[in-house]
Amino acid sequence: NAGVTQTPKFQVLKTGQSMTLQCAQDMNHNSMYWYRQDPGMGLRLIYYSASEGTTDKGEVPNGYNVSRLNKREFSLRLESAAPSQTSVYFCASRPAEGSGNTIYFGEGSWLTVV
Amino acid sequence: QKEVEQDPGPLSVPEGAIVSLNCTYSNSAFQYFMWYRQYSRKGPELLMYTYSSGNKEDGRFTAQVDKSSKYISLFIRDSQPSDSATYLCASRGGQNFVFGPGTRLSVLP
Numbered sequence: 001n002a003g004v005t006q007t008p009k010f011q012v013l014k015t016g017q018s019m020t021l022q023c024a025q026d027m028n029h030n031s032m033y034w035y036r037q038d039p040g041m042g043l044r045l046i047y048y049s050a051s052e053g054t055t056d057k058g059e060v061p062n063g064y065n066v067s068r069l070n071k072r073e074f075s076l077r078l079e080s081a082a083p084s085q086t087s088v089y090f091c092a093s094r095p096a097e098g099s100g101n102t103i104y105f106g107e108g109s110w111l112t113v114v
Numbered sequence: 001q002k003e004v005e006q007d008p009g010p011l012s013v014p015e016g017a018i019v020s021l022n023c024t025y026s027n028s029a030f031q032y033f034m035w036y037r038q039y040s041r042k043g044p045e046l047l048m049y050t051y052s053s054g055n056k057e058d059g060r061f062t063a064q065v066d067k068s069s070k071y072i073s074l075f076i077r078d079s080q081p082s083d084s085a086t087y088l089c090a091s092r093g094g095q096n097f098v099f100g101p102g103t104r105l106s107v108l109p
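Protein chains in written order, with our numbering: chain A, 1 to 114; chain B, 1 to 109.
Source of the hints: derived by calculation from the structure; they are not laboratory data. Don't take each hint at face value.
Below 25 Å or equal to it, Euclidean Cα-Cα: the simulated PhoX-like pairs (lysine-lysine) are [as the list claims (entries may be wrong)]: (1) B:2 - A:57; (2) A:9 - B:42; (3) A:14 - A:71.
Here are a few chain B residues that face chain A, going by a calculated C-beta distance under 10 Å [claimed, not checked]: (4) 36; (5) 41; (6) 45.
Quick reminder that beta carbons are idealized off the backbone N, C-alpha and C, glycines included.
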């Protein structure tokens, strides 16, 4: 079972470059999330998508954009990368309301902005 | 104040010890509580899930929620070196899941 798959796993960017982190889930989940994890800060929500066609800002959305391409895929884009965006990024998904109250994570994407 | 607080540790215990990991939360609306385990360079994996107050046991793991004091606990019995990881507590508020910063646990052989 693949679960939640993220690509790439590692990436080094120069300041000002753009890139897109890809995420796909094969569990037929409705909701999808992007978090970033920094030492001492825990997991912080960047954006989430409650269902196909909808997206909402989380705690730290500045500098990011998202696209819910279809039910399976939710991408995160950095338009002009900054060193402050150096972090580990996790995609997650959750079943439909009433079918589960927990979220399931991918393996993470390690991003360094120099 | 963060909505979920957790002592980051690190916590080191000998193999076979009982481990107690704790979190506090501030939002009275939280009803769903989770513990995730995260190995180095891996994504968090769900360990335990509880709804409202009470205890839930799964093998060597027991999750406990006390809503009156807004306290979440995870107990690990007969701890093993393979339990060495970072443990994240989490609560659900609406569509969002709020996480503590995690406690790093080392179980020494």
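Check the structure against each numbered hint from earlier and tell me which ones fail, lowest number first. Hint 3 is the one this structure does not satisfy, whereas the remaining hints hold.
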